[in-house]
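Each chain, written out:
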Amino acid sequence: SAVISQKPSRDICQRGTSLTIQCQVDSQVTMMFWYRQQPGQSLTLIATANQGSEATYESGFVIDKFPISRPNLTFSTLTVSNMSPEDSSIYLCSVSIGRGVADTQYFGPGTRLTVL
Amino acid sequence: KNQVEQSPQSLIILEGKNCTLQCNYTVSPFSNLRWYKQDTGRGPVSLTIMTFSENTKSNGRYTATLDADTKQSSLHITASQLSDSASYICVVSPNTGGFKTIFGAGTRLFVKA
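Protein chains in written order, with this note's numbering: chain P, 160 to 275; chain F, 7 to 119.
Keep in mind that the hints are not guaranteed to be accurate.
What the hints assert, rightly or not - Where chain P lies over chain F, by a calculated footprint (3+ residues, C-beta under 8 Å):
1) 43-54
2) 107-115
Stated by the list, open to error - In silico lysine to any residue, SDA-like type, Cα no more than 25 Å apart, as pairs:
3) F:Lys77 / P:Ser201
4) F:Lys77 / F:Glu21
5) F:Lys106 / P:Thr233
6) F:Lys106 / P:Gln165
7) F:Lys63 / P:Phe234
8) F:Lys106 / P:Arg271
9) F:Lys106 / P:Gln200
10) P:Lys166 / F:Asp45
11) F:Lys23 / F:Thr57
12) F:Lys106 / P:Phe234
13) F:Lys106 / P:Thr238
14) F:Lys63 / F:Gln87
15) F:Lys106 / P:Asp246
16) P:Lys224 / P:Gly199
17) F:Lys106 / P:Tyr216
18) P:Lys224 / F:Gly66
19) F:Lys106 / P:Gln173
20) F:Lys106 / P:Phe225
21) F:Lys106 / P:Met190
22) F:Lys106 / P:Val274
I should point out that these hints are in silico values taken from the structure, not numbers from a laboratory.
Remember, predicted model here, so these are calculated numbers, not experimental data.
Ideal Cβ positions, reconstructed from N, Cα and C, are used throughout, including at glycine.
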């Protein structure tokens, strides 16, 4: 299993500013994932972050808007840049533990972001 | 296009009653299907995980079933409790490698006293 913590748990930010979200895992993992969950919606994958390489972004998400760092096997950050009200969402960090068909995905508690 | 659709969108039941949530998917082939519980303001927590060859998996009062022929899964909750009030999300992982899991929109369950 994996225990994931995120900071901050929530924040209210002004338009045009940036917020960096931290994700800490209690074990070493190869891949970490960042998701966005807009109000009333399901989870959407933003990017996959490998240690030692650039993150891989999904369609619709770009590095300039959501820069990601992965300095080691237990930590990652996601920055939401130049925020607008449309960025108001819950941002979730996730890891996958296990191998093959039985791998289990664990999620952090999320960071609830409100942009005014 | 790979999709995961859940029904109903929301459900209200009385404490102590049973309920069944549905998940239909078009993802094929798939590696595994999972059900998650997400409390308001929290991250999803895994309830069950089934590979394509499994038909049922239980976790306490939660029982998930899978019919790979009809591409349907259900989550049955027995003797519901107030703490079962949450969103229940069906997630399917395609058997294409990588981590392109596909999330359903979830069913919002309200358990009333």
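A quick look at each hint next to the structure:
1. 43-54: holds (count 6)
2. 107-115: holds (count 5)
3. F:Lys77 / P:Ser201: 20 Å, holds
4. F:Lys77 / F:Glu21: Judged against 25 Å, a Cα distance of about 30 Å means the pair is violated.
5. F:Lys106 / P:Thr233: 21 Å, holds
6. F:Lys106 / P:Gln165: OK: lysine 106 of chain F and glutamine 165 of chain P at ~23 Å, within 25 Å.
7. F:Lys63 / P:Phe234: 33 Å, violated
8. F:Lys106 / P:Arg271: The given pair, whose Cα atoms are some 24 Å apart, holds under the 25 Å limit.
9. F:Lys106 / P:Gln200: 18 Å, holds
10. P:Lys166 / F:Asp45: 18 Å, holds
11. F:Lys23 / F:Thr57: 29 Å, violated
12. F:Lys106 / P:Phe234: Holds. Lysine 106 of chain F to phenylalanine 234 of chain P sits at ~21 Å (cutoff 25 Å).
13. F:Lys106 / P:Thr238: Roughly 22 Å separates the two Cα atoms, so the pair holds.
14. F:Lys63 / F:Gln87: 20 Å, holds
15. F:Lys106 / P:Asp246: Cα-Cα ~22 Å, so holds.
16. P:Lys224 / P:Gly199: Answer holds: lysine 224 of chain P to glycine 199 of chain P is near 23 Å, not above 25 Å.
17. F:Lys106 / P:Tyr216: 12 Å, holds
18. P:Lys224 / F:Gly66: Violated. Lysine 224 of chain P to glycine 66 of chain F sits at ~42 Å, over the 25 Å cutoff.
19. F:Lys106 / P:Gln173: 33 Å, violated
20. F:Lys106 / P:Phe225: 19 Å, holds
21. F:Lys106 / P:Met190: Roughly 13 Å between the alpha carbons, so the hint for lysine 106 of chain F and methionine 190 of chain P holds.
22. F:Lys106 / P:Val274: This hinted pair is violated, its Cα atoms lying about 28 Å apart.
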